[in-house]
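As you go down the protein sequences, you meet chains A and B in turn. Just so you know, we're using our numbering here: the first sequence kicks off at 28 and counts up by one. Just so you know, we're using our numbering here: the second sequence kicks off at 11 and counts up by one.
Honestly, the hints are just simulated from the structure, not real lab data. Note that the Cβ used here is the ideal one computed from N, Cα and C, for glycine as well. Hints are supplied without guarantee of correctness; some may be wrong.
[What the hints assert, rightly or not] Over 10 Å on every C-beta distance to chain B, these chain A residues come out as not near it, computed from the model:
id: 1; residue: W80
id: 2; residue: S137
id: 3; residue: D172
id: 4; residue: W196
id: 5; residue: D289
id: 6; residue: N365
id: 7; residue: N393
id: 8; residue: H396
id: 9; residue: E427
id: 10; residue: G447
id: 11; residue: Y459
id: 12; residue: G513
id: 13; residue: R563
id: 14; residue: S565
id: 15; residue: R648
[Said to hold, decoys possible] Over 12 Å on every C-beta distance to chain A, these chain B residues come out as not near it, computed from the model:
id: 16; residue: E50
id: 17; residue: I55
id: 18; residue: S101
id: 19; residue: S104
id: 20; residue: Q144
id: 21; residue: D146
id: 22; residue: L149
id: 23; residue: L150
id: 24; residue: F151
id: 25; residue: L154
id: 26; residue: E192
id: 27; residue: V244
id: 28; residue: R245
id: 29; residue: S248
id: 30; residue: M252
id: 31; residue: E266
[Said to hold, decoys possible] Computed Cβ-Cβ distance ranges for the label pairs, DEER-style:
id: 32; chain 1: B; residue 1: S218; chain 2: A; residue 2: S234; range: 48 to 58 Å
id: 33; chain 1: B; residue 1: E266; chain 2: A; residue 2: W391; range: 45 to 55 Å
id: 34; chain 1: A; residue 1: R30; chain 2: B; residue 2: I143; range: 12 to 22 Å
id: 35; chain 1: A; residue 1: R30; chain 2: B; residue 2: T130; range: 21 to 31 Å
id: 36; chain 1: B; residue 1: T130; chain 2: A; residue 2: N540; range: 33 to 43 Å
If you want the building blocks of each chain, they are given just below.
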Amino acid sequence: MIRQPNVILGNDKILVTMGKKGELFGFFYPRRDYAQHVEESLVCLQTDNRLMWTNNQEWYSTQHYLEDTNMVITELVHGIGIKIKIQDFAHPRASVMVRKYTISAERDISGTFFYYSNFCVGEMQKKNSAFCDPDTGLLAQYWQDNYIGIMASPSFEQWQVGKAMDTIWWTNARYDMEDGKLHNNKEDIGYLNTVVGWDLKIKAGQSKEITVFIGAAPKRTQLHKMMLEIVKEPVNEMFETSRQDWINWLSKKELLKLSLLDDMPETKQQVLEAFNRCLLTLNLLNDPKHGSFVAAPEFDHDFEMCGGYGYCWNRDVSEVAVALLNAGYPEYCEKFFNWCRRTQLSDGSWFQRYWLDGNTAPSWGNFDHSTQIDETGATLHAMYTFYGTLRGLQKVEFLENIWTTVLTGAEYLMRRTTEGLHDPCLDLWESYAGSFAYTSAAVYAGLRAAAFLARAYSEPGLASRWLERAEFVKNKTIEKMWLKEGYFAKCLDDGKLNTTADASMIGTFTPFNMLSPTDPEEREMILSMMKTIEDRLSVSVNGYHGIKRYENDGYIEGNPWIVTTLWLSKAMLNLAISFRNGSVTNTDVPGLVQRALNYIKWALKGTTSTGMLPEQVDKHRGHPAWAIPLGWSCALMIDNILLLESFSEGTHDGKI
Amino acid sequence: MVRDLYMFFKGDEKAHVVWFSIIYKTDMRAEANINSELNEMEVKIRFAYLDNAEPNGQGKYVLFTEVREEAQIDMINKRLLGIDGIIDIESGISRSHMIHSVDFPLNFLGERALITRSRTFVDILKIIREKVIQPDALLLFSGLKGGRGAAKYVRNIIQVDMKNCMAVLRELFLASGWGKLEMDFNKETCTGKVVVRESFIADAYGPSDLPVCGYMSGFIAGYMTEVMGYTFQVREISCKSMGNAVCEHVISPAPEGAKPEHIMKEEIQ
Chain A
28 MIRQPNVILG NDKILVTMGK KGELFGFFYP RRDYAQHVEE SLVCLQTDNR LMWTNNQEWY
88 STQHYLEDTN MVITELVHGI GIKIKIQDFA HPRASVMVRK YTISAERDIS GTFFYYSNFC
148 VGEMQKKNSA FCDPDTGLLA QYWQDNYIGI MASPSFEQWQ VGKAMDTIWW TNARYDMEDG
208 KLHNNKEDIG YLNTVVGWDL KIKAGQSKEI TVFIGAAPKR TQLHKMMLEI VKEPVNEMFE
268 TSRQDWINWL SKKELLKLSL LDDMPETKQQ VLEAFNRCLL TLNLLNDPKH GSFVAAPEFD
328 HDFEMCGGYG YCWNRDVSEV AVALLNAGYP EYCEKFFNWC RRTQLSDGSW FQRYWLDGNT
388 APSWGNFDHS TQIDETGATL HAMYTFYGTL RGLQKVEFLE NIWTTVLTGA EYLMRRTTEG
448 LHDPCLDLWE SYAGSFAYTS AAVYAGLRAA AFLARAYSEP GLASRWLERA EFVKNKTIEK
508 MWLKEGYFAK CLDDGKLNTT ADASMIGTFT PFNMLSPTDP EEREMILSMM KTIEDRLSVS
568 VNGYHGIKRY ENDGYIEGNP WIVTTLWLSK AMLNLAISFR NGSVTNTDVP GLVQRALNYI
628 KWALKGTTST GMLPEQVDKH RGHPAWAIPL GWSCALMIDN ILLLESFSEG THDGKI
Chain B
11 MVRDLYMFFK GDEKAHVVWF SIIYKTDMRA EANINSELNE MEVKIRFAYL DNAEPNGQGK
71 YVLFTEVREE AQIDMINKRL LGIDGIIDIE SGISRSHMIH SVDFPLNFLG ERALITRSRT
131 FVDILKIIRE KVIQPDALLL FSGLKGGRGA AKYVRNIIQV DMKNCMAVLR ELFLASGWGK
191 LEMDFNKETC TGKVVVRESF IADAYGPSDL PVCGYMSGFI AGYMTEVMGY TFQVREISCK
251 SMGNAVCEHV ISPAPEGAKP EHIMKEEIQ
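Put together the whole structure using the sequences plus the hints.
Following this line, the structure appears as structure tokens:
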């Protein structure tokens with residue numbers, strides 16, 4: 028079932044996605060991409076002879092992050108005078124989610140507090156097994172080497188291990204809850220659901236606290252040991268330690284002044300919060316063990332409406348890693364490029380997408396004609412960007428470590444560009460076949476990056492060869508795909524030009540710098556592309572304009588995307604910086620910055636209530652749409668904010 | 011709104027076929043007074059039906075008749091509106107001379123309902139069986155929910171207890187077109203058997219090695235459980251789709267501790 032989260036949390040061991048009412052949508056362990064163990068996991072109250080599921084529309088909810096952390100506060104209010112506050116966070120060290128519930132009431136309440144779960148441990152609906160050990164207060168469900176356990180403080184008083192879908196319907200935990208009393212069945216197998224319960228008696232004006240711990244471990248003994256230790260720890264200490272850990276992690280970031288926005292304090296605050304939120308989000312999307320990132324926490328496990336997002340794409344992560352690098356977190360680049368070294372295919376390219384552990388993921392790009400050549404170019408480009416920031420021994424070691432990868436990657440690009448334009452392949456949107464300006468630009472950038480690394484590696488012959496090819500790619504792309512109307516065609520397929528306007532053409536300027544703003548002719552090309560994108564792809568939503576991917580885009584309503592919009596704003600800011608630093612006169616730098624800022628504001632208006640940046644914004648309602656949160660969107664937001672910051676630095680006038 | 015559907019009327023071709031949809035209070039004998047008034051006006055009813063189970067103590071009386079002059083329609087409306095307990099009247103002319111047997115939107119047991127061919131239902135059921143894990147349980151759960159909902163709704167309208175619950179269930183099955191029920195239920199032991207003749211599922215399903223009316227078992231279990239306040243297990247032990255003359259569902263209290271899927275398999279054998 029497709030369920031888009033409103034918020035995520037986790038630590039280096041678990042990743043959790045939740046809805047607006049604190050209901051779990053996903054619980055990923057041991058990796059961010061696998062396995063997702065939860066179908067449902069939430070609280071339900073039984074009072075006045077009825078069940079009150081907390082994800083029901085009767086509950087009004089608010090949800091936000093605790094400032095500068097990945098800890099979530101959800102407040103639920105019911106019209107009959109019940110309020111539930113949930114503090115959700117991951118334990119600072121263990122693979123445990125902590126859910127502290129504070130239930131308060133305006134009138135006397137008598138009933139049962141249930142914590143219900145439908146776990147599909149190991150992503151398996153069948154062959155699960157669950158048991159409750161009332162002596163230790165642990166309810167656990169497992170499949171192979173995946174154990175998910177629930178403990179609580181105070182310990183639960185009743186429980187049910189039931190069949191979620193079976194003809195013996197009365198054992199189903201959902202039905203068992205109806206009278207407020209559970210059957211305390213200790214164990215069962217199959218497709219299961221479970222519930223634990225506490226008597227709930229609250230006097231008007233009083234409150235009750237219950238903390239639920241959801242832990243994951245590879246073995247039964249490990250789960251037992253971990254949960255028994257955790258449940259003894261004071262929850263407030265866990266909370267405070269976790270909060271401090273996040274604040275410490277965030278303190279490593281580039282400090283922003285954003286004096287450019289001093290006259291717009293509300294916007295400035297929003298931008299600063301977005302910067303922090305994007306960094307914190309990327310932390311959670313990163314696999315700390317392998318160094319890769321999921322594009323987004325998976326929400327379409329069955330590929331019902333798309334091919335899924337819980338995988339690592341080199342294209343996205345190249346931009347993510349560089350954004351983190353620029354924001355003050357170089358360690359992600361190093362780990363990611365090590366991962367790239369390990370996952371590179373024998374022909375020198377990278378696969379369409381990977382599982383985080385480096386295995387190839389489900390793909391529709393298994394052949395030369397269906398691969399995405401831009402991913403190889405983007406990876407080499409990002410490697411060189413990282414290399415440029417290194418100093419001394421680190422620089423030498425990195426080059427030594429990565430050289431073979433660069434060599435084989437560049438030679439792959441050489442083989443695929445013998446005619447200048449790259450061989451037919453799939454585009455970055457994974458939908459069209461042919462040759463593309465964006466892909467060409469990625470190839471150009473990849474070959475140049477490889478060439479500069481070759482020079483550093485004392486391989487001038489290779490460097491010249493690759494640089495020469497890069498120029499050939501650029502010239503052929505302009506010759507074959509630049510239209511007299513002033514933009515790049517979307518695609519050249521079998522000799523035919525598709526003249527649809529596609530926002531990814533801006534990739535020829537940013538991030539791949541195939542076109543230079545210092546060259547007058549190319550500068551005009553950049554300006555002309557921007558105009559085309561704004562004229563033909565702009566969508567009015569939320570009082571501002573977002574940019575959709577291309578004309579007649581049919582994917583998920585053809586909504587405007589955060590990435591395409593922030594590409595455009597990033598291009599504007601880069602251009603403005605170029606104008607500011609260069610010799611071009613009479614150019615409207617403040618105007619460019621203001622236009623870019625409007626696009627950034629548009630992106631900020633499309634976030635979830637907790638500040639999660641989505642992939643898209645619903646063009647009709649202005650809501651965040653589809654993949655939430657999308658790492659690529661976060662990267663572009665970070666890039667844009669750092670460019671805004673550059674207008675606040677040094678002696679430059681910070682005002683727009 | 012009453013829509014033209016189903017039956018073509020072959021009466022006086024020069025007359026208009028007119029429908030009236032009359033909303034009335036159910037506690038004021040309005041139904042009888044409507045009939046008296048229509049008699050007095052010499053309005054001949056060609057087809058009509060009553061639904062006394064509309065929400066908020068209301069009923070709906072839909073009738074079709076013939077009218078030579080359009081002006082008569084206003085007169086009939088006016089006189090009917092004068093009857094105590096009449097809340098509202100809609101009327102219209104069926105230009106295609108069609109009389110339809112249901113209202114639009116159709117309501118059943120207080121909810122929007124639709125008419126579907128049993129083949130369509132069974133097609134869905136077969137796809138579930140092919141594609142979904144635990145299909146029998148899924149269908150049973152679906153029926154269970156329906157049965158509980160039906161019992162709750164009916165209990166809001168009339169008193170349903172141990173004495174009449176089976177009779178009401180029989181009427182529900184008939185009204186839904188699901189089949190004809192014969193029941194043998196021991197109130198002391200809460201055990202018994204429900205025979206379903208002409209089960210719409212079994213009739214449309216075709217030959218099968220296993221019972222196919224689990225949805226009905228679930229419905230009966232949900233209905234009984236809700237009415238009796240006691241957890242029932244209902245299992246179909248023989249089915250028309252298996253070559254039997256009728257479908258048989260066994261009712262028993264839900265067992266404690268046992269794994270009833272084993273019991274079920276034994277009984278089938």
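Hint check results:
no.: 1; hint: W80; result: 15 Å, holds
no.: 2; hint: S137; result: 20 Å, holds
no.: 3; hint: D172; result: 22 Å, holds
no.: 4; hint: W196; result: 6 Å, violated
no.: 5; hint: D289; result: 58 Å, holds
no.: 6; hint: N365; result: 40 Å, holds
no.: 7; hint: N393; result: 26 Å, holds
no.: 8; hint: H396; result: 33 Å, holds
no.: 9; hint: E427; result: 52 Å, holds
no.: 10; hint: G447; result: 49 Å, holds
no.: 11; hint: Y459; result: 32 Å, holds
no.: 12; hint: G513; result: 51 Å, holds
no.: 13; hint: R563; result: 43 Å, holds
no.: 14; hint: S565; result: 42 Å, holds
no.: 15; hint: R648; result: 26 Å, holds
no.: 16; hint: E50; result: 50 Å, holds
no.: 17; hint: I55; result: 44 Å, holds
no.: 18; hint: S101; result: 38 Å, holds
no.: 19; hint: S104; result: 39 Å, holds
no.: 20; hint: Q144; result: 4 Å, violated
no.: 21; hint: D146; result: 6 Å, violated
no.: 22; hint: L149; result: 9 Å, violated
no.: 23; hint: L150; result: 5 Å, violated
no.: 24; hint: F151; result: 6 Å, violated
no.: 25; hint: L154; result: 6 Å, violated
no.: 26; hint: E192; result: 23 Å, holds
no.: 27; hint: V244; result: 10 Å, violated
no.: 28; hint: R245; result: 7 Å, violated
no.: 29; hint: S248; result: 16 Å, holds
no.: 30; hint: M252; result: 17 Å, holds
no.: 31; hint: E266; result: 9 Å, violated
no.: 32; hint: S218/B x S234/A: 48 to 58 Å; result: 56 Å, holds
no.: 33; hint: E266/B x W391/A: 45 to 55 Å; result: 52 Å, holds
no.: 34; hint: R30/A x I143/B: 12 to 22 Å; result: 20 Å, holds
no.: 35; hint: R30/A x T130/B: 21 to 31 Å; result: 29 Å, holds
no.: 36; hint: T130/B x N540/A: 33 to 43 Å; result: 60 Å, violated
Violation of the numbered hints given earlier is confined to hints 4, 20, 21, 22, 23, 24, 25, 27, 28, 31 and 36; the remaining hints are satisfied by the structure.
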